[in-house]
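A.B. asks: Got chain A sorted already, so can you dock chain B onto it with the hints?
Line order of the protein sequences matches chains A and B.
Per my numbering, residue 319 is the first one in the first sequence, and the count goes up by one each step.
Per my numbering, residue 111 is the first one in the second sequence, and the count goes up by one each step.
If you are wondering where the hints come from, they were derived from the structure by calculation, not from laboratory data.
If you're wondering where the values come from, they're calculated on a predicted model, not measured in any experiment.
Glycine residues also receive a C-beta, built at the ideal position from the N, C-alpha and C atoms.
Take these hints with a grain of salt, some might be off.
[Stated by the list, open to error] So these bits of chain B aren't anywhere near chain A, every CB distance computed over 10 Å:
{"id": "1", "residue": "A120"}
{"id": "2", "residue": "Y176"}
{"id": "3", "residue": "W185"}
{"id": "4", "residue": "D215"}
{"id": "5", "residue": "L249"}
{"id": "6", "residue": "T280"}
{"id": "7", "residue": "A285"}
[To be verified] Below, computed lysine to aspartate or glutamate pairings styled on DMTMM-like, alpha-carbon distance capped at 25 Å:
{"id": "8", "chain 1": "B", "residue 1": "K146", "chain 2": "A", "residue 2": "D327"}
{"id": "9", "chain 1": "B", "residue 1": "K250", "chain 2": "A", "residue 2": "D323"}
{"id": "10", "chain 1": "B", "residue 1": "K282", "chain 2": "A", "residue 2": "D323"}
{"id": "11", "chain 1": "B", "residue 1": "K250", "chain 2": "A", "residue 2": "D327"}
{"id": "12", "chain 1": "B", "residue 1": "K252", "chain 2": "B", "residue 2": "E183"}
{"id": "13", "chain 1": "B", "residue 1": "K291", "chain 2": "A", "residue 2": "D327"}
{"id": "14", "chain 1": "B", "residue 1": "K252", "chain 2": "A", "residue 2": "D323"}
{"id": "15", "chain 1": "B", "residue 1": "K168", "chain 2": "A", "residue 2": "D323"}
{"id": "16", "chain 1": "B", "residue 1": "K252", "chain 2": "B", "residue 2": "D160"}
{"id": "17", "chain 1": "B", "residue 1": "K291", "chain 2": "A", "residue 2": "E343"}
{"id": "18", "chain 1": "B", "residue 1": "K293", "chain 2": "A", "residue 2": "D327"}
{"id": "19", "chain 1": "B", "residue 1": "K252", "chain 2": "B", "residue 2": "E201"}
{"id": "20", "chain 1": "B", "residue 1": "K293", "chain 2": "A", "residue 2": "D323"}
{"id": "21", "chain 1": "B", "residue 1": "K146", "chain 2": "A", "residue 2": "E368"}
{"id": "22", "chain 1": "B", "residue 1": "K271", "chain 2": "A", "residue 2": "D327"}
{"id": "23", "chain 1": "B", "residue 1": "K168", "chain 2": "A", "residue 2": "E343"}
{"id": "24", "chain 1": "B", "residue 1": "K282", "chain 2": "A", "residue 2": "D327"}
{"id": "25", "chain 1": "B", "residue 1": "K252", "chain 2": "A", "residue 2": "E343"}
{"id": "26", "chain 1": "B", "residue 1": "K146", "chain 2": "B", "residue 2": "D268"}
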Amino acid sequence: MKNSDSSLDRLLRAAGQYRPTVAEEVPFGFATRVVAGWIAGAGRERMGLETLWFRRAFLCAVAVMAVSVGCSFKTDTTAPNDEMAIASYAATADLQ
Amino acid sequence: MADAGFDIEACLEGLRRQDERAASNFVRELYPLVLKIVRSHLPRRSAEEDLCQIVFIKILSNIAQYSGKVPIEHWVSRIAINTCLNALKAESVRPELRWADLSVDQAAVLDALAADSTELGPDDAASSRDVVETLLRALKPKDRLLITMLHLEGYSMDDVKQATGWNIATIKVRAFRARQKLKQLFQELNSQGKL
Numbered sequence: 319m320k321n322s323d324s325s326l327d328r329l330l331r332a333a334g335q336y337r338p339t340v341a342e343e344v345p346f347g348f349a350t351r352v353v354a355g356w357i358a359g360a361g362r363e364r365m366g367l368e369t370l371w372f373r374r375a376f377l378c379a380v381a382v383m384a385v386s387v388g389c390s391f392k393t394d395t396t397a398p399n400d401e402m403a404i405a406s407y408a409a410t411a412d413l414q
Numbered sequence: 111m112a113d114a115g116f117d118i119e120a121c122l123e124g125l126r127r128q129d130e131r132a133a134s135n136f137v138r139e140l141y142p143l144v145l146k147i148v149r150s151h152l153p154r155r156s157a158e159e160d161l162c163q164i165v166f167i168k169i170l171s172n173i174a175q176y177s178g179k180v181p182i183e184h185w186v187s188r189i190a191i192n193t194c195l196n197a198l199k200a201e202s203v204r205p206e207l208r209w210a211d212l213s214v215d216q217a218a219v220l221d222a223l224a225a226d227s228t229e230l231g232p233d234d235a236a237s238s239r240d241v242v243e244t245l246l247r248a249l250k251p252k253d254r255l256l257i258t259m260l261h262l263e264g265y266s267m268d269d270v271k272q273a274t275g276w277n278i279a280t281i282k283v284r285a286f287r288a289r290q291k292l293k294q295l296f297q298e299l300n301s302q303g304k305l
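Just chain A, with the same shape it has in the complex:
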């Protein structure tokens, strides 16, 4: 067990001595590709936000429309109670 520990330690120490040469220079066109990817990503993000905003606005508009249609349907179909309204309702009904 101890022998294997020592062998592993020696292996790790030898492996730790290895220093791959790191090129200091950026590969040709690399920076341009990164910048293009960044700008395109930012554009997509902006478009995503706009789409989200429009979707919310559309849903709000649909909700308002549904509520107003519901209210007007209720007003049109229920018979009024007070006398003036009954007269007005009858006159409207006669005209139709």
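C.D. replies: Okay, now just chain B, sitting in the frame of chain A:
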């Protein structure tokens, strides 16, 4: 890390305005740091240039989140390490270790270790690194990351804490377990060689 002529504050200001020239300068300045990290933790089937590109796009896209409380190199390192870790996690297949798959040089290194208790020479460094990387591929991504940082790259516990955001106790426990697993794999490989 950043050289004396490079004004990081002006560059960051430019990045916040989405200035492309500032972004190019930033990439050129920090490329060696990112490349070093990516090379140390590169998954088997990934190209280092592609992974570097992903790291830089991530950095530039999230530059607004950089508060300036830590040096930019630390922040960049953490993003690079997390990106590599995610790439390693995506590489779900961990190959089985077989003596027959080792190259002649790799087998010679293991034979030399078994033969005597002297240190391996600098000539064996590259082959030793290959053997260790072969062993590391069979470990979980976080274990692999820790062994690489602590034993191959010479990071201290504090450096690992800075780079990963894990606490010291977690690092110690995980490093111990990772080393135990590595030892087990090493023994299995050696026992195959003795057959």
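A.B. asks: Give a verdict on every hint.
C.D. replies: These are the hints, each one checked on the structure:
Listed as outside the interface, A120(B) is consistent with that label: its C-beta sits roughly 17 Å from the nearest C-beta of chain A, beyond the 10 Å cut-off. For Y176(B), the non-interface assignment is confirmed: its Cβ lies about 14 Å from the closest Cβ of chain A, beyond the 10 Å cut-off. Interface exclusion of W185(B) from chain A stands, the closest Cβ pair being 16 Å apart, more than 10 Å. Against the 10 Å criterion, D215(B) stays outside the reach of chain A, whose nearest CB is about 12 Å from its own CB.
With 10 Å as the threshold on Cβ separation, the claim that L249(B) sits away from chain A holds: the shortest Cβ distance comes to roughly 13 Å. Every Cβ of chain A is farther than 10 Å from the Cβ of T280(B); the closest lies at roughly 21 Å, confirming the non-interface assignment. With a least CB separation of 12 Å from chain A, A285(B) remains clear of the 10 Å interface cut-off, as annotated. With a C-alpha separation of about 23 Å, the suggested pairing of K146(B) with D327(A) holds against the 25 Å cut-off.
Taking the CA atoms of K250(B) and D323(A), the gap is near 20 Å; set against the 25 Å cutoff, the hint holds. For the hint linking K282(B) to D323(A), the alpha-carbon distance of about 18 Å falls within 25 Å, and the restraint holds. Simply put, K250(B) and D327(A) have alpha-carbon atoms about 20 Å apart, close enough for the 25 Å limit, and the pair holds. Of the supplied pair hints, the one linking K252(B) and E183(B) holds, its CA atoms being roughly 21 Å apart against a limit of 25 Å.
Restraint check: the Cα-Cα separation between K291(B) and D327(A) comes to about 14 Å, which is no more than 25 Å; the hinted pair holds. About 21 Å separates the Cα atoms of K252(B) and D323(A), which keeps this hinted pair within 25 Å; it holds. At most 25 Å may separate the alpha-carbon atoms for a hinted pair to count; K168(B) and D323(A) exceed this at roughly 40 Å. As the CA atoms of K252(B) and D160(B) are separated by approximately 21 Å, the hinted pair is consistent with the 25 Å bound.
Distance hint between K291(B) and E343(A) is unfulfilled; the C-alpha atoms sit about 38 Å from each other, more than 25 Å. Taken as a hint, the K293(B) and D327(A) pair is honoured in the structure, with Cα atoms around 10 Å apart against an allowance of 25 Å. Distance check on the hinted pair: K252(B) and E201(B) sit about 13 Å apart at the alpha-carbon level, within 25 Å; holds. Restraint check: the Cα-Cα separation between K293(B) and D323(A) comes to about 7 Å, which is no more than 25 Å; the hinted pair holds.
Between K146(B) and E368(A) the CA atoms are separated by roughly 39 Å; this puts the pair beyond 25 Å, and the hint is violated. Between K271(B) and D327(A), the direct Cα distance comes to roughly 23 Å. Compliance with the 25 Å bound is thereby established for this hinted pair. Under the criterion of a C-alpha separation no larger than 25 Å, the hint pairing K168(B) with E343(A) is consistent with the structure, at around 21 Å. Taking the CA atoms of K282(B) and D327(A), the gap is near 17 Å; set against the 25 Å cutoff, the hint holds.
Simply put, K252(B) and E343(A) have alpha-carbon atoms about 30 Å apart, too far for the 25 Å limit, and the pair is violated. Under the criterion of a C-alpha separation no larger than 25 Å, the hint pairing K146(B) with D268(B) is consistent with the structure, at around 19 Å.
Hint violations for this structure: numbers 15, 17, 21, 25, all remaining hints satisfied.
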